[in-house]
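Asker: If you're matching them up, the sequences are chains A and B in order. Numbering-wise, the first sequence is residues 1 to 432 according to this note's numbering. Numbering-wise, the second sequence is residues 1 to 445 according to this note's numbering.
No lab work stands behind these hints: they were computed from the structure. One or more of the hints may lead you astray.
Computed far set for chain A versus chain B, every beta-carbon distance over 12 Å [unchecked claim]:
hint	residue
1	A68
2	S304
3	V322
Heads up, simulated EDC-like pairs for lysine to aspartate or glutamate below, C-alpha to C-alpha not over 20 Å straight-line [said to hold, decoys possible]:
hint	chain 1	residue 1	chain 2	residue 2
4	A	K407	A	E392
5	B	K112	A	D345
6	A	K348	B	D60
Residues from chain B that keep clear of chain A, each with C-beta distances beyond 12 Å, as calculated [as the list claims (entries may be wrong)]:
hint	residue
7	T53
8	A75
9	A103
10	A109
11	G142
12	Y188
13	G206
14	G217
15	L244
16	A247
17	G285
18	T354
19	R369
Backbone N, C-alpha and C define an ideal beta-carbon position, used for all residues, glycine too.
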Amino acid sequence: MADLSSTFVGIRSPNPFWLASAPPTDKEVNVVRAYKAGWGGVVWKTLGEDGPPIVNVNGPRYGAIWGADRRLLGLNNIELITDRPLEVNLREITQVKRAWRDRALVVSLMVPCDEESWKAILKRVEETEADGVELNFGCPHGMAERGMGSAVGQVPEYIEMVTRWCKQNSRMPVIVKLTPNIADIRKPAEAALRGGADAVSLINTINSITSVDLDLFAPEPTLDGKGTHGGYCGPAVKPIALNMVAEIARSPATRALPISGIGGVTTWRDAAEFLALGAGNVQVCTAAMTYGFKIVEEMISGLSQYLDEKGIALADLVGRAVPNVTDWQHLNLNYVTKAVINQTDCIKCGRCYAACEDTSHQAIAMSDDRVFTVKEEECVACNLCVDVCPVEGCITMRELALGEVDKRTGRPVEAYANWTTHPNNPSARAAE
Amino acid sequence: MTNTPLTPGVVAGRLDAAVLAANFADVAPPLGVHEARVAADRCYFCHDAPCITACPTAIDIPLFIRQIATGTPEAAARTIFAQNILGGTCARVCPTENLCEGACVREAAEGKPVEIGALQRFATDTAMASGTHPFARAAATGRKVAVVGAGPAGLAAAHRLAMLGHAVTLYDARPKAGGLNEYGLAAYKVPGGFAQAEVKWLLQIGGIAVLNGWALGRDGNLDELRAVHDAVFLGLGLAGVNALGLAGENLDQVLPATDFIRELRQASDLARLPVGRDVVVIGGGMTAVDAAVQSKLLGAENVTIVYRRTQAEMPASRHEQDHATASGVKIILSAAPVAIHGAGAVREVEFAYTRAGAKGLEVTGQTFRLKADQLFTAIGQSLGGAPASLALDGRKIAVSGPGRTSLPNVWAGGDCAAGGDDLTVTAVAEGRDAAMDIHANLMGA
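Isolated chain B, as found in the complex (with noise of 0.2 Å):
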C-alpha cells in the first residue's frame, strides 16, 4: 500500500484489504436464532397492526413475527414473500424508521420499537439459504407479458405475473439484473453479492426469460413490443440525473454520486477503485448518503455532504444520517452551490447559504468554500428516455389505480411512475399491483 487518506488527488488504494474488507462488510450483521426468538418476543401482536399499515406492501408483520416466535422462519417467510418478493432487500434497505419500526407501538411506549427490519432479514435469509422457492407457478395461461427494466418494480412484476402462469420477458439495459439492487445500493447494506443471489432464487418461479443489454428506445420500442406480447409493464427506473447547471460541472471528478456507487458496486477489488481526499458529495438524500459513506470507508480524509434545506427536511433518514455521521461524514446544511471551481479538475466548491423566504428557499449573501478533489452530486435524478407516447404527469409517467398508463395494455411502477415515494418496498408494491391488474385484464375477470 503506497497511499494513505492524505495522498492529495483522487487515487486508489488509501487503506489496505483488511480495512476495506472490514469497512465493507455487512452493516447490520444478521439476528443469531436467540437473538430473533428474544426479538421477536417483543412483538406485541397488535390488533389491526399499525406496522402493516405502514407497509407499503402491506406485510403481516405480527404474523411472521409469531412464526419467527414459534420456531418456524420458513412459514414467517413466506408470509412476507407473499406480499413481497424482494423482502430480502427491503429487509436490508427499507428506511424501516419512517415505515413499520416508526409505526410500531413500543416506539410509542419505549421509543425502542420491535426490530422488524431484522427480524424480517432473519425470515428471508433462512428461507432463502434453504435453496428452495416457496411459491409454485400455475398452469400457462399462453399470454405473453414484457416487463421492461429488472429493478425492483420489474422484478416484482415478472415474479407475479410468472407465477399467475403468463410467459415473462424481463428486459433490461444493464448487464446484470436487479436495478438499483444491484448497481445503485451502498455495498454494506447487500454484502456477498446478495442482489444477484436474490434475482437467481426470484426466477426460480419459472416462466421468466431474462434478456440482459436490450435498451428501449436503443434495441427496441414500445410499439414493437406491444405488438408481440399481451401486455407491457414498464419498470424504467429513473436513467437521468439531474444537474446543478453550475459553471466548472464539466471539470474533471465531478461526477453524479450514482456513476460513482454503480462503479463502487461492480468493483471486483476496492482497493483498485480511485476516491479523493477531499469529497464533497451535493443533495441530502440516500444517495447522497450511500456516496458519502462509501467514500469515507475507502479511505478519503474529509467527506462532507451539503444540503440545501434544514435537517427535518432531509430526504435521507434519521439513521441514515447518523450512520453518516458516525462514519466520520461532515454535514452541512442550509447551503447550496454556487460555483465550481478548478482547472482540468476540480480544486474547490463554494456554497452560499440559504434561508427560508417568502418565496421559498433563498440564498444569503454569506458564502464558504470547501476544498475538493472530488465532488459527487446527487440531487435527484429524472426520467430519461421515456416513450414518447406515453402521457406525463410532471416529469414521470402518468398512472392512474395500480401502474396504468395512459396506453392501452401498458402499466408502469417504480420510480419512473408518477406517485408514491422512490423506495425499493414502494416500487415492490406497484410491480406486484399491476401485474395483478394485468393479470385481470388478461384474463378476463
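Isolated chain A (complex conformation) (with noise of 0.2 Å):
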C-alpha cells in the first residue's frame, strides 16, 4: 500500500482527498460520518457573517442530467452558504477539531467585501484551531447578487485585496477558492498569489441551465414556475477544471502556487488526473453527495494500487503531467499518424463509416459485406472513429516511423516542426 498522506499549505491529512465546502460538510454529524468513512480531510461548508441566518429556497435547490440509466453526469444547485447561526457552526469546528486531530478541517469563508467583517470572522474561526481558511470567492448564484462569491471572483483587483486582508488579519493559511466563471482563469489565479494566497482551490461550480421544463417552459430546477441560473457540478465538469488547473500549473506567473483540485472528481482515477496536472490534493462534493461518503475507500485503494504499479511516490505524481500541457503552437505537426481498425474486434456497426463519411474526411471505406477499411490517403487522423467506436481498442493510431510516407501527402515524415516555423505561418521564425 502506498502511503497517502498528504501535506498541503502545511496541513496535514492521512489521505489527499478532502470534501469541497458544501452540504455534505454543513454539520458536524456530516463531517464526523465523513471522517469515519475515511476522508482525509473537510472544508467546512461557507460560512458568513454573524447576524440574522441566510435563507435558503423551500422549493428544490438541485438540478441534474442523467444518462439513460439515470446515472447523474452533472448536478446543478442554488443552495446558498450555511444556514445555521454562525456560533453553532464554530462550536461544532472546535469540537471536530479536536477529536480529529489528524484529519485537516479548512473553513469556507464568504462575508461582504470590507475589512472589517473579514477580521471579524476571521478570529473567530482561528480560535476553533481549525487548519486553515478558504475563500469563497466562487459560488454563482445568490451571494454573487450580494456582491460576494463569484462576483468578487470575477475581479482580480477584488480577489488580491480580500485575500491579503485576510493574510494580515490571521496566522491560517489562505486558500482562495476561484470561480470558472471567467475568460482566463490565470488572472484571479495571479491576483491571489499577489494577495499573498498560500494556494488556490478551482473550480468552483459553473453557471448554468441544467435543462428547461417544457411543458411549464421554465428552467430547472423550476421553483413556483421560475427559475434561477445555478453552480453546474459533477463528472460533466471535469474537463474544464483539468485545463484550469492546468493553465495556472504551468503559467510562468502560477506554477509555484499549490493548488487543490476540484471538479468532478468521482473515482481514484479522476483525482489521480488532477494530481498528474499540478493539484497537491484533490477536494470531492458531487460524487459523494450522489454515492455516499463510502466512495473514499475506492479512491484510497485505487490511488495506492496506481502508485504502487507506478513504482511512484504520492509527491512524485504531483504535477507529472504538467510539462507536458503545451500550446497549439508547439505540437510536432510532423507527427503523423492513421487510424488501424482491427478487423477481429470490428462489430461492423459502422459508426466509424457514419461519422467520417457524414461530418469528417471520408476515409473510411465499407464494402458489401460490413468490412470497414481506412483509406490512408484520406485519413487525417483526427481520432474522431476511435471516439465513436463502441470497443475499446478496436481503433486505434499508428504512428508512422520517420522517412515512412504519408499517403495523404505523399510526403516522407520527417522531424519535429512546429507552426513557430512552418511557412504557412506569416510570423514565423526561421528554423534554427
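Make one complex out of these two single chains by using the hints.
Answerer: This is the structure:
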C-alpha cells in the first residue's frame, strides 16, 4: 500500500481526498461520518457573517442531467452558504477539530467586501483551531447578487485585496477558491498570489441551467414556475476543471502556487489526473452527494494501487503531466498517425464510417459485406472514429515512422517541427 | 378441482383457475418506461444497420429505438407501423434471435443483442393504447379490391390498399378476423385479446368491409371475385394439415396440433379444456412447441416433442426450444413415428431412431414406445382448396415479383404463396408489397 499521507500548505491529512465546502460538510454529524468513512479532510461549508441566518429556498435546490440509466452526470445547485447560526458552526468546528487531530479541517468563508467583516470572522475561526481558511470567491448564484462569491472572484483586484486582508489579519493558511465563470483563469490566480494566498482551489461551480421544463417553459430546477442559474458540478465539468488547473500549474507566473483540485472528481482515476496536472490534493462533493461517503474507500485503494504499480510516491505524481501540457503552436506538425481498424474486434456497426463519411474526411471505406477499412490517403488522423467506436481498443492510431511516406500528402515523415517555423505561418521564425 | 396432472385420460381441470391464469399470462411482460429507456440506450444507431436488413418488413429499427430513447414512443410506433402495420403482433411473436436481434452488432460483440422485440412492443403498445390510428386514408380512388383471408398477409394488404384510397372487402372463412394471430399462436404470446384489439385498431383506417364466415370455393369462387373487383389478393394461409400416413392415425385423440391450439385460443374457460396426462407432439416447428408447452401449462403430466431430425435442423428457434424445455417439455430428437397403437383411443406411439444416410434421413431398427393418451401432429400444413386456375410452384401458389400470380389482377402472399419463410412478419411484408403493386397497377403508374 502506497503512503497516501499528504501535506498541503502545511496542513496534514492521511490522504489527499478532502470533501469540498458544500452540503456534505455543513454539520458536525456529516463531517464526523465523513472522517469515519476515511476522508482525509473537509472544507466546512461556507460561513457568513454573524447576524440573521441565511435563508434558502424551500423548493428544489438541485437540478441534474443523467445518462439513460439515471447515472448522474451533472448537478447544479442554487443553495446558498450555510443557513445555520455562526456560533453553532464555530462550536461544532471546534469540537470536531479537537476530536480529529489527524484530519484536515479548513473553513470556507464568505463575508461582505470590507476589511472589518473579514477581520471579525477570521478571529472567530482562529479560535476553533481549524487548520486554515478557504475564501469562497466562487459561488455563482444567489450570494453573487449581493456582491460576494463569484462577484469577487470575477474581479482580480478584489481577490487580491481580500486575500491580503486575510493574510494580514490571520496566521492561518489562506486558500482562495476560484470561479470558472471567467475568461482567463490565470488572472484571478495571479491576483490571489499577489495578495499572498497560500494556495488556490478550483473550480467552483459553473453557471448553468440544467434543462428546461417543456411543459412549464421554465428552467430546472423550477420553483413556483420560475428558475434561476445555478452552479454546475459533477462528472460533466471535469474536463473544464482539468484545463483550468493545468493553466495555473504551467503558467510561469503561478506555477509555484499550490492548487487544490476540484471539479467532477468521482473516482481515484479522476483524482490522479488532477494530481498529475499539478493539484496537491483534491476536493470532492458531487460524487459523495450521489453515492455517499463510502466512495473514498475506492479512491484510497485505487490511488494506492496505481502508485504501487508505477513505483512512485504521491509527491512524484503531483505535476507529473504538467510539462506535457503545451500550446497548440508547439505541437509537432510532423507527427503523423493513421487509424487502424482491428477486423477481429470490429462488430460492424459502421459508426466510424458514418462519422467519417458524413462529418469528417471520407477516409473509411465500407464493403458490401460491411468490412470497414481506413483509406490512408484520406485519413488526417483526427481520432473521431476512435471516439465513436463502441468497442474500446478496436480502432487505434498507428504512428508513422520517420521517413515513412504519408499516403495523404505523399511526403515522408520528417523530424519535429511546429507552427512557429511553418512556412504558412506569416510570423514564422526561421528554423534554428 | 377434482382432477390433477396425474388423472388418467384426456380430462379438463387438471389445474385450478389461479394456476391456469398464471400459466397463460403474458410470457414476456412489457418493458416499463425506464426499462425501455435503458434498453434503447444500448442501441448503437448503426450505419445501414444489419437489423433493418434482417427484418423482412425492413423496419427502421435504429430510428424507432432512438425515438423511444428520446421519449417519443408514439413517433417510434409510426416508424414501425409505416413498414409493418402488424408491428404489435410481430413484436410478440417474431423469432427475433433469427432476425433483427440475431443481426444486432451487440450480439456479435457480447452475445446480448439490443432487445428490439421488447422495444417494438413498448412503442406499439404505447401507440395502440392511445386508441388513435397513426395513418389517414387517402381520397377514395373508386377502385375495388377483394382480399381473401384476414390473416397477417390479408390484413397488411387490406390496410395498405385502404390507406391508398381503394375500397377493400376482406373475406374470411372463420368467425373472427386475424388468421393465425387469432387462431394459431400460443395464448401466452398474445394474451388479453390482443389479436382482436389489433384488428379493430387496424380497421380504423376505414374503407375495409369485413365479411366473416365466407370461404373461397364454398361461398364464392375466384372468377366471381374477379368479376366484381378490380383486383384480388389471396392470403389464404395453409388450411390443410399434413398427415403422418400411419396406421392408427384415425384413433381418438390423434389430432392436428393446429386444432388443439385453435380450440385453446377460443376457449372461454381453460379449466374446461381437456388435455391428456401423457401428451406426445410430433414435429419440430413453432406449432409443435406451442402445442406442447400449452399442454404442459394446462396440466399434462408428461409432454414430449419428438422430432425426426437433429436439434440444429429444428425449425423452432433455439429460444422456442429453450422455452419448451424450461416449461417442462421433453424433446426427443432424431426419432420418427412408425406406428400408433391403441384401441378406440391412442395409447402408445412407436418411434424409430433415425440417422443421416446417403439418400437422406434413414430409419434405424432401434425403436421405442411412448405412452400417449393424446397425440398432436405438427409436421406441416398445406394449401387446401386453392382455385384450380392458379399455377402452383410445388405445393404453393406460384408468384413472381411482389406476389403476382399466374392470373391477371390476382395477387397472393403469406403462407399460401411460394417463397419466403412461413412467418407472420414475412406474410405482412408480402401483403404490403402486393398492395403497393396492386395500387401501381390500378392507378396506371
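Asker: Look at each hint and say if it fits the structure.
Answerer: Structure-based check of all given hints:
1. A68: A68(A) is in fact no farther than 12 Å from some Cβ atom of chain B, at 3 Å.
2. S304: Label holds. Min Cβ-Cβ 31 Å, cutoff 12 Å.
3. V322: The claim holds: V322(A) sits with its nearest Cβ about 37 Å from chain B, beyond 12 Å.
4. K407(A) to E392(A): 26 Å, violated
5. K112(B) to D345(A): 16 Å, holds
6. K348(A) to D60(B): Roughly 17 Å separates the two Cα atoms, so the pair holds.
7. T53: 10 Å, violated
8. A75: Given a closest Cβ separation of 15 Å, the condition holds.
9. A103: 10 Å, violated
10. A109: Since the minimum Cβ distance to chain A is about 4 Å, A109(B) lies within 12 Å and the statement is violated.
11. G142: Holds, since 44 Å exceeds 12 Å.
12. Y188: Non-interface label stands for Y188(B): nearest chain A Cβ at 29 Å, farther than 12 Å.
13. G206: The assertion about G206(B) holds, with a minimum of 33 Å to chain A.
14. G217: 46 Å, holds
15. L244: 43 Å, holds
16. A247: 52 Å, holds
17. G285: 30 Å, holds
18. T354: 36 Å, holds
19. R369: At about 49 Å from chain A, R369(B) clears the 12 Å cut-off, so the statement holds.
Checked against the numbered hints above, the structure violates hints 1, 4, 7, 9, 10; every other hint is satisfied.
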